[in-house]
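Chain A is already provided as a structure; the job is to place chain B on it using the hints.
As given, the protein sequences belong to chains A and B, one line each in that order. Note that this note's numbering has the first sequence beginning at 1, numbered continuously upward. Note that this note's numbering has the second sequence beginning at 1, numbered continuously upward.
Mixed in with the good hints, there may be bad ones.
Think about it this way: if two alpha-carbon atoms lie no more than 27 Å apart in a straight line, the pair counts; the simulated BS3-like pairs of lysine-lysine are [to be verified]:
| no. | chain 1 | residue 1 | chain 2 | residue 2 |
| --- | --- | --- | --- | --- |
| 1 | A | K51 | B | K12 |
| 2 | B | K348 | B | K432 |
| 3 | B | K12 | A | K151 |
| 4 | B | K12 | A | K156 |
| 5 | A | K33 | A | K70 |
| 6 | B | K439 | B | K380 |
| 7 | B | K12 | A | K170 |
| 8 | A | K33 | A | K77 |
| 9 | B | K439 | B | K364 |
| 10 | B | K12 | A | K33 |
DEER-style ranges, computed between Cβ atoms [stated by the list, open to error]:
| no. | chain 1 | residue 1 | chain 2 | residue 2 | range |
| --- | --- | --- | --- | --- | --- |
| 11 | A | E16 | B | G89 | 47 to 55 Å |
| 12 | B | L78 | A | S25 | 18 to 26 Å |
| 13 | B | N19 | A | S25 | 40 to 48 Å |
| 14 | A | S25 | B | R21 | 36 to 44 Å |
| 15 | B | G16 | A | N138 | 24 to 32 Å |
| 16 | A | K128 | B | D59 | 49 to 57 Å |
| 17 | A | E75 | B | R21 | 34 to 42 Å |
| 18 | B | N19 | A | Q174 | 21 to 29 Å |
| 19 | B | G51 | A | E16 | 24 to 32 Å |
| 20 | B | N45 | A | E152 | 21 to 29 Å |
| 21 | B | N15 | A | E152 | 20 to 28 Å |
| 22 | B | R21 | A | D27 | 38 to 46 Å |
| 23 | A | D168 | B | G51 | 29 to 37 Å |
Hints in this document: simulated from the structure, not taken from any laboratory. Source: prediction; values computed, not measured. Ideal Cβ placement from N, Cα and C applies to all residues, glycine included.
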Amino acid sequence: MSFFSKPVKTNDTDDEVQLNNYRKSGDVAVLGKLFEQYVSLIYGVCLKYLKDEEDAKDAVMGIFEELIIKVKQHEIKQFRSWVYVLSRNHCLMKLRAGKRVEEISLDEVMEFTPFAHPEESNREEAMKALERCMEKLNPAQKQSIDLFYLKEKCYKEIADITGFTLNDVKSYIQNGKRNLKICLERSSG
Amino acid sequence: MDRADDITQIRKYLNGELNARAMHELERRALDDPFLADAIEGFENASGDQGTNLADLTDRLNQRTEKKVRKIIPWIPLSAAASILIVLGAGIWFFTNRSDKAELKRAVAQDVVVKKKEAPTASNSDIAADTLKVEKAKVMAQASEPKAKVARGAKINLKATVQADEKEELKESPPALSEVAVAKASAPAAVDQSANADKADKAYEYKYLSSKKDSLGANDMLVSDISKKKSINATTVKHKGLPSTPTLLQSRVDGVSVTPDDNHTVTGTVTGNDGLPLTGATVKVQGRNFGVVTDANGKFTLQDVPKGQTLSVNYIGFSGKKVKADQDSMRISLDPNNTSLAEVVVTKEAENTVQNAHPRDGWKSYNDYLDKNAQSPDGKTGKEKVSFIVAPDGSLSQFKVVKSLSDDADKKAVSLISTGPAWVGNADGKAKEVTVTVKFH
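For reference, chain A alone in the conformation it holds in the complex (with noise of 0.2 Å):
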């Protein structure tokens, strides 16, 4: 049962030790560089919240200059996430021009996964509750999420299987996965 294990390799020492260069040096062109290893994502990130591509590469700019200010006023501990809520609200800041949405506050650095990592000891236990909460899940879920980290399929692979359309597996898997961390939360607290 790898699939609550956080897959992203933590780079986040280095990220830390450039941090801590730009900090003390000033010199924009270290922070240049880290941001240059994030750039494609955040990119990626603007050109899903604005929808356009030479917005996106403004949005990416300008968060750029937000950090280069930030960077220096906030304790940052995971800088990926924190560069993550970061775009983010630069972005959603600027669809607020029509209407307001809310804002993550940076100070409150998100998680990505939560997941407690079951201890040895407890893995037989956790493995019976994990079975009992699949067995909750609704069938289209459960085909899904026994395809994907079960059978380590991809979602055109268990689309195909299936015959669910490609969106649908994305949302089986996501909700069915959501609801398994609430069941197991339930049971072991």
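Same frame as chain A, now just chain B:
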């Protein structure tokens, strides 16, 4: 997986170039990582290859980070260049300013001469002072001529002017004013000359109180003096290097003493032809858009009126008068204007309706009465018209049937009217014939 690979993975994923295993890997990561998920969604929604946009972004980012580095380097040469520019600029300004001043001086001198020619009667005011022949100024000017360099053109003009004004008496302003001041007051060009002389020749001294007069200052004073037509009373001029801007010049003007030449204050009284003062008459200097109003004693005071100006005096009911302001104290009498306003007659037409004979309680209640009681005596229905005379006292007589319905109806109608509500006679006291219609039903 390295972050730099994210975008290639995403692109391959979206292009369907990844195998099922790698697709699964990315999808799973996206599920755990909203950052990645959002980015994939963004790229997914945007049509086309974002590679060029990303390259562009990287460029921009590099430019942004490099710019700071470049900015730091040229600071020292930049500041050096800036300081050189400043010094050069200051030098150029200084020199051009100086030559400007010389030009100004020349122009002023000429201007002064011209003005002087126009108004040669400058000094006939009544200030008691030492007199000085212009000749003296002329001598001074000639003495200084060889050394005066700037206002050469003016000097020539000056000689002519001075000769023209030779016989004129010049007045000298209060206490410590020097010969130069005198010359200036009467023949401004001369001052310019002597001022230049001063500059050139220290041996010739004149005083403005304790300070030395600046030649250009003097010029400007004169210019202002003439152009403003204003009398200036103080006597001090401070020596403060070369004045350079008009503002500076103007500030000096206030300190110069020059006796008033052709401006003066005019006072006077406005009266009617009977000699009684007119209060509230307007006195206006022609060609200017201001004026004063006479007080309760018909007196007025107008300041700074140029000699020879025409005053226009007006008062309601009197014909206006135009008078030359050639005296300081004037007596202006106005002749009454005999055109009178046409009479206005307000008339109102009398209201006949009220004055004529009518039922005492009004026509409406009278008609109601008739309506109510007009029961046909013989079954015939229709209109019956009866006329009668209403006497001034309200009594009714001489009933006549104008339109008959039947004999019975005639009698009934007459009795209805004669025994009905009271009437009021005509207000003018005459008997009035009234016709009433009775509708039988």
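Hint check results:
no.	hint	result
1	A:K51 to B:K12	holds, 21 Å
2	B:K348 to B:K432	holds, 24 Å
3	B:K12 to A:K151	holds, 22 Å
4	B:K12 to A:K156	holds, 14 Å
5	A:K33 to A:K70	holds, 17 Å
6	B:K439 to B:K380	holds, 11 Å
7	B:K12 to A:K170	holds, 18 Å
8	A:K33 to A:K77	holds, 18 Å
9	B:K439 to B:K364	holds, 15 Å
10	B:K12 to A:K33	holds, 24 Å
11	A:E16 to B:G89: 47 to 55 Å	holds, 52 Å
12	B:L78 to A:S25: 18 to 26 Å	holds, 23 Å
13	B:N19 to A:S25: 40 to 48 Å	holds, 44 Å
14	A:S25 to B:R21: 36 to 44 Å	holds, 43 Å
15	B:G16 to A:N138: 24 to 32 Å	holds, 29 Å
16	A:K128 to B:D59: 49 to 57 Å	holds, 55 Å
17	A:E75 to B:R21: 34 to 42 Å	holds, 39 Å
18	B:N19 to A:Q174: 21 to 29 Å	holds, 23 Å
19	B:G51 to A:E16: 24 to 32 Å	holds, 30 Å
20	B:N45 to A:E152: 21 to 29 Å	holds, 27 Å
21	B:N15 to A:E152: 20 to 28 Å	holds, 21 Å
22	B:R21 to A:D27: 38 to 46 Å	holds, 41 Å
23	A:D168 to B:G51: 29 to 37 Å	holds, 30 Å
Consistency note: the structure conflicts with none of the earlier hints.
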